[in-house]
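K.L.:
Once you have looked at the hints, place chain S on chain A.
One letter stands for each residue in the lines below.
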Amino acid sequence: MDEIHDRSRAESLAGFPHVRTQLQAEGDGAAAGRDAASDCAASAPKAEGKPTAEGRTPKEKSTAADRRPRGRMMAKTSASSAPRVGDYFKREWRLLVGVTLSGVVYNVGMTAGPWFEGQLAQRLCDILGARSASSMLPLALAYVAAIALVQGARFLKRLYVRKFANNVNLRMKGELYANLLGKTREEVVGEGVGTVMTKAVSDVDDCAEGMRKFTTEIFDTGVVLVAYTVMLLVYDWRLALIVLAFPPVSYAIAMRMRKQVAGASAEAKASMGRLNAATLDRTSGALSYRVFGLEQARDAAYEDCLDDYERAAGRANTFASALQPLYKAISLAGAVFVIVLGARNVMGLGWTAWDIAAFTTFMSCFEKLAIKSSSAAKLFNAVQKARVSWERIEPYLGAPTEATGEGVGAESPASTSAGAAAELPIAAAAVAATPWPAGVRCAVAPQPVEVSDLRVSFGDKDVLAGVSLALRPGQIVGVTGAVASGKSALGRAFLCERPADAGTIRFGGRDLAGLVAAGKPVVGYLGHDPELISDTVEANVRMGAAGDVDAVLAAVRMDREVAAFPAGRATVIGDAGVRLSGGQQARIGLARTLFHPRPLIVLDDPFSAVDSATEQAIFRNLRAYVAQTGSAVLLISHRLTLFPQMNSVVYLEEGHAVQGSHADLLATCAGYRALCALQSARQEGGAR
Amino acid sequence: MSRQNVEKRSARDGSSAQTFAAHPLWSVFCQVVRRLPGLFALLVVIIVVSVAASLLPPRVLGAVVDDLAANAGARTPGLAVLFLGLVALEGVSTAGREVVIVRFGQKVTHAVRSRMAEKLDTLPSAYFVDHAAGDLTSRFVNDVNTVESLFADGIISMVADVASVVGIVAIVFTESRGLGLLLLVTLPILFWFTRRVQRGMLGAQVDNRAAVAEANRQIPETLASFRTIKVLGCQPFMRRRYDRAIVHGFDAMERSNFYDAVYSPVILTCGAVVVAVMMTLSAQGGATAVLFGMTVGTAVANIAYVGKVFSPLSNIGMEIENIQQAVAGTRRIGEFLSEDEIPLDARAPQEAPAPGPMPAASAEQASDAARANERGAAADADGRRRASAVACGSGLSAPQEAPAEGALLPSSAAPAVELDRVSFSYDDGVPVISDFSLSVAPGERVTIAGRTGAGKSTLMKLMLGLYLPDGGAVRVLGCAPNLIPAHERRRTIGYVEQRFRRVPGDVFDQVALFDDAVSSADVDRALALVGLSGAVARLPRGVHEPCGPTTFSQGQFQLLSIARAIVCDPRVLLLDEITANLDSATERHVLDAIDAASSGRTVVAISHRLTEAVTGRIVRIDAVADAAK
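The listed protein sequences derive, respectively, from chains A and S.
Note that numbering that gives the first Met the number 0 gives residue 23 to position 24 of the first sequence, counting from 1, and the numbers run on in steps of one.
Note that numbering that gives the first Met the number 0 gives residue 53 to position 54 of the second sequence, counting from 1, and the numbers run on in steps of one.
Here chain S stands alone, though its shape is the one from the complex:
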């Protein structure tokens, strides 16, 4: 789809994504909290308990020292047991806290990845052309991993540490107002220092993440180009490229390391200064002694508290790093989740359409149809489809038109494929197709021919509904191809891709594409149709042989691609330069197979040369393209 389209129709305001509450991750977080209120409550309770348990031991110790200074040791064993009990409680509650934090963090990252996968479904096709798969994968993998550490070692730990700081300041106030005031003066200064370090680190982290993403992208690319690299001996070139990416990351990391190294020592030195001031003033007597009001026991307890207040504070310093890393990652995830989507009215309905005036094809009916076809009762199934289908609205048309209401299902009454004064241009605005019309009758075969770059592939993407036209309308069986519901798609349009895309799995999976509606009889039939039954039968485990790059020859993979397209017996078959990798004999074999199986099916092929033309009508689009230019 043209991006201008999307921008025009996008309801999203880019700037709103900047505010925290509007960040898409925030809504994911809230959703997890709503779904798991128990876990969240447990998290809160256990943080409170662990903080409280960590605050009390210095007071017990202070009491012991005061007793000792007064030369009284009667309470000591009891206090020692109390001390141990508090330490044990602190240990258990802190361990429990870590477990709950980890669980919660996992839930959130799971939800983030689920949301991102859903997002993939709604992105315009052009997004995938403009964005490298490696880059996208890096967002799913690396950036979400930083979100994981954001929770495990970042935000929630930070909340606990902040609670510790607040608790300590409060408890110090009850023992020594002077030290409490001293802390109130010191902590804001240290907080300011903390913020400075944070800001310095953020820039470095963003650079580092980008460099890591670039380096990640290069690895699958290297594997994909491995043969070329070997043949040309250009390993040094590839290494230099990779080195550039990792050195960039290295430099950013160095900057970040400085801030990281300097933070904690500064904080702890400040702690020593506070203790020194406290002790000096406590020793002065008079008004300052009243203000600080300390016995030896409170002094010991307070030295421990000062140590404790700076330790969570310097933990916060560590957590800053985790959070900053994650902020860079969350920003990239936020960008991804805020990408412009296919407008709602240009999307296929997600569920089976609602009942009512159109009892539309459910999965059950769809598989009914498939079974009916298997029995050879295609006409019967067709009739049923017709009965359930509703005539489309205006089809896939220029953005201004609102689509017709309700579900849109393919209709057999309309022309099989219809392009009505279609215009299309990519982002650069140079028209690729302008005012192009074509009507293909049901059962007709049409080959669209034209020289390289004339717009044949674009035309194919328009017929597939991957792109929306800037003007005019595209209809497949009277329906805008992008609005065909998912469960109807493979039964409506079969598509043979230019290059076979192997999926992880066995031979069966290559044909069925993990589609539950595809039965093993369907796969057998499709393989027989394309003449691969024999080759598959010869594999050690038949259709359940794991499919690797050398399982089949290039030509056989192309046949597999056709089997994949026709396994659901689509009524319209779109062939994208189908014969590109087939020799004459196989080409003929495939065309014969399609001939035999395609009574009542429409075939639209694009081809760059007439030698491959299928029988039937040939439409040349060179003239169209030339006129456009």
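If we strip away everything but chain A, and leave its shape as in the complex, we get:
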């Protein structure tokens, strides 16, 4: 693990020379810094928005289960191309060549300003003495021409450097998002929503901004400092050496302050993460808090977050902005020597014989150099800030790996079949006439599914303690049981989000987890949360795939309701489908699941918010659907009205499962019998 990070760090240094000098200057601290960086990467996914060492101690359970996802994430990080700052510079080399050319012209040309100003003053001095007044005009014109050329180069440099930052920003955000999508759900759920948001937006913005400033200052500070220094040495090398001692003093102080600046910046970021999480809770829970009369109480808690942020951000900003004027004053202190010793030069008493032009040029040159070198300290802070951001986003950057199967099979069912063709048999064309369009079929041919002795535990509690069951293509199997009997856990086990603690799920004799990890479109799933996106009805059903949306909408009995929406299928349904009722959300979710045919479909309580008549109708359509696609459906429900029509029934009790036909279980399984009796009694009670 450390090795990977050592390597990526070393490579990142190659593309980021400034950071190298920083790290080398750290001396012993460099190793510690590397450790901290790898630790940060490792702890990020587990701690809730607290990637610090102290966030780990008491709160985190150090169970093996906790460690697992971390290890996997690290493996993935190493598998994907390790992100390096240098890569982002490399990819933009054309722009950077433009920046370099215009930057060198601009910055070397910067010395033209002081030189011309000295010449202008000298010429005026001469004219006031005896010389002809007409000699001023050509000099003045030459001055304007030189400045125009230099500023023209500056315009190009500024434009290119901004374009560079914009490109990096775009690429980083894209990669960040792509890699977010590439993580497993377990990895992602471990992080606070607010923290991820901050990462994605303000960290990338800060980082790209830092890279822009870094690139800018390489020229504006680096090149120009060299040019000015050479010029000073040429005019009077002894005086130059004296006055050049001052900017490094301010630079050294800036180095000293580096740790505080970075610390304050990191603390402000963390505080902002907490504030953002509080904001999201306050806005997304606004109605809940209103219902319970707690709006003002929550405002008070929000106020605490604001106080904390004001304190942290105030400190960070003070460090970022107040130090520079002080650095500038220290750098400029050398002007005393310029004035005193320079005056001696002019009067012929010093080391070198000077005229007024030389004095003015030297003074002007030194002032510009001093101011520039104080912004070198500013550059330092910008790079520091960028580094804090960079370290936070680094684990999430880099080109996403296609090997894990992301991107396979989303364009259309056709493309999935191409991906699956190599290893799995392609589904045969449908035989029976059904209301479904003939094109609706699974890309991967349906196979028998066998679960044997599956054990799933959370902490030290077994939720499923050795469950076995079987489904054949075309079957609909009902799963029921008491609350917390492990129904939902069984359904989620087919998603293979985490390794089973024991036992296997086999699809056509092959390990399901392996197929899922390889991105094979085998499993379809609809959970309690329909997970709708803020887009149109149609986009929610399609999720980018081609096919007949009307057919699935009709199958889930949403066709008429959708037609009555203001814009029909193109109606935007709001954040998480908030404009729809609970029943409508569930049915859109079901439509989406059926729209993407899979040989194994898990439906966790899909009809809970749907009335009985609709439920029966949808179930009939589901029958026709599996008859055509050959899918096996595992239908988890706590309501048993449909269970007599199931191909078989799985009854869960305390983590153990019994499978059989409805009639068999009624005869043999006391728990199932009791459950059925309870429900039919209630049904009669309700009908009374």
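Check the hints yourself; a few may be wrong.
[Said to hold, decoys possible] Restraint-style ranges between C-beta atoms, simulated for each label pair: (1) E253(S) to A299(A): 39 to 49 Å; (2) G504(S) to K460(A): 21 to 31 Å; (3) P548(S) to D500(A): 12 to 22 Å; (4) G541(S) to P643(A): 41 to 51 Å; (5) P447(A) to E338(S): 54 to 64 Å; (6) R34(S) to A562(A): 48 to 58 Å; (7) D515(S) to A676(A): 39 to 49 Å; (8) L348(A) to A51(S): 27 to 37 Å; (9) S131(A) to A169(S): 32 to 42 Å; (10) R310(A) to S26(S): 38 to 48 Å; (11) R176(S) to P137(A): 44 to 54 Å; (12) S26(S) to L136(A): 53 to 63 Å; (13) A51(S) to L240(A): 27 to 37 Å; (14) R310(A) to D515(S): 53 to 63 Å.
Worth flagging that the hints you see were computed from the coordinates, not collected in a lab.
Glycine residues also receive a C-beta, built at the ideal position from the N, C-alpha and C atoms.
P.N.:
Just chain S now, with coordinates in the frame of chain A:
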């Protein structure tokens, strides 16, 4: 609440928000100045000092050069020390200025966020349905951040820079009238150019902010839909959506970059032209020389001043960007703060009601009542409540009716829940509920049944006071539900949400919802009532176990939702499709628990199917809905 209602009753004039003085942020700014006059005065003083300190060094330098031109060096060391002193003063005062600016900016953004949080309390419920939480969060986070940079690197720095420009022009006039006039001609032209750049950038910035907000919104959404994305393998689809948003922002940023890049070079080139003209004319002799009237020293000083006048001017160019970004953000914040609010007469009183004819329930009394209940002396507490409560006015009624005066507190004398010829429609005007009446007696249990889309959820929101009826009246214990004071709400109405909403915190927080009035005995009692005591006790840290998505099963979360609703022992319990995620055994268990605890409590449930019906009366609303359609 129906939006037409709000619009009809809104006192706000949309156009007034356009003018600067009427901008809600302006009043926030003024409020901060009033609250912290010392800080504001310090800000003004330190800007004046830093500007003055930066103006004098070129004059000192000019004196040195004049001495040198005259071959006199006696004053030089003294002038050099003076120069250094001024430079040091400039450095210290500028650093101090930055600190004060940052402090002040923080105070303002803090106040803006506080004001926005308060605003949340007054927005109609429909606002939250119509506006994505991510979008709202983006206003709080990103837009206010731009306000922060507005202060730190924008307005106040700009004021200081403008002061520098004015100071320089004034000082140049004393040395060379010709250059002063030259500057007076040049600066307006450059100001015009500055304005052009500003306008060009504004459009680009607005687009950029909108695109950033859209991209921000997609990230929490992606996390919420993560399972679906994984299962369907639709990562490329989601990526394309996200890419669209960020590319939109990228394009807008490119436009803005052009203006940003071109501004400063143009300004500095103009500076060179001014210097060239000045020097050429100074050299001419005769009338122009008199007008410009320069020695070599003043020439050197003036070249420095010209450099100094354009440098704050080009800083203003940088600040334009910050301010423009913030203007786009402030506009969005202004829109938010100007959103129509729940009319004052439809809001619950914020504080405990004033003493006088009704010594109304204070927090103290409320917790008294809770304690009394704990001892099992419910009747006693009830009596006290009755004594303190005042009969409601007309209840939650159609907008035209003015509410009764004074505080409105739930009364036990009235029907527990009463809907009196209620009509309601959403924005589209299609009636969802029309002329619907229902009276639920205290202690009665009613299940409202109807098929999907018949308006059950709407009815629930009306009973909760989240929506106001277009016609008729809704009363809970004789009181309009939206007018029940905050501290009485949880003791009056308990609400079991359709889906459990986990809040950040431990198990205790899930039940108490950060309500100080809820004691740990209350939480224990509620957990026992819903049968979660055992499960919670088995957690490593009991009720103080941090609550994550896998701490409980779906069913247990639903039980937790009920515990949350009943922890304050409400007299009316509203169940929103309560059994949706419970199996028969748990459903029975929950209903039994409610049975045991609800003597004297009224229960209104909505349910889409009769199998879940609670014992008691069933009201079907299909017929109502059909009639409406």
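K.L.:
Please go over all the hints and tell whether each is borne out by the structure.
P.N.:
Okay, the hints, checked on the actual structure:
Remark: the range hint 39 to 49 Å for E253(S) to A299(A) is upheld by a beta-carbon distance near 44 Å. With their beta carbons about 22 Å apart, G504(S) and K460(A) fall inside the hinted range of 21 to 31 Å. For P548(S) and D500(A), the Cβ-Cβ distance of about 19 Å falls inside the hinted range of 12 to 22 Å, so the restraint holds. The given range of 41 to 51 Å is respected by G541(S) and P643(A), whose C-beta atoms sit roughly 43 Å from each other.
Checked against the given bound of 54 to 64 Å, the beta carbons of P447(A) and E338(S), roughly 57 Å apart, stay inside it. Distance hint for R34(S) and A562(A): a CB-CB separation of about 56 Å, consistent with the stated range 48 to 58 Å. Between D515(S) and A676(A) the beta carbon distance is about 46 Å. The supplied range of 39 to 49 Å therefore holds. At about 34 Å, the beta-carbon gap between L348(A) and A51(S) stays in the expected band of 27 to 37 Å.
As the Cβ distance of S131(A) to A169(S) is approximately 34 Å, the hint placing it in 32 to 42 Å holds. Range check, R310(A) to S26(S): about 25 Å between beta-carbon atoms, so the 38 to 48 Å window is missed. Judged by the Cβ atoms, the range 44 to 54 Å given for R176(S) and P137(A) is violated: they are separated by roughly 26 Å. Separated by about 57 Å at the C-beta atoms, S26(S) and L136(A) satisfy the suggested range of 53 to 63 Å.
Range check, A51(S) to L240(A): about 34 Å between beta-carbon atoms, so the 27 to 37 Å window is met. Range check, R310(A) to D515(S): about 24 Å between beta-carbon atoms, so the 53 to 63 Å window is missed.
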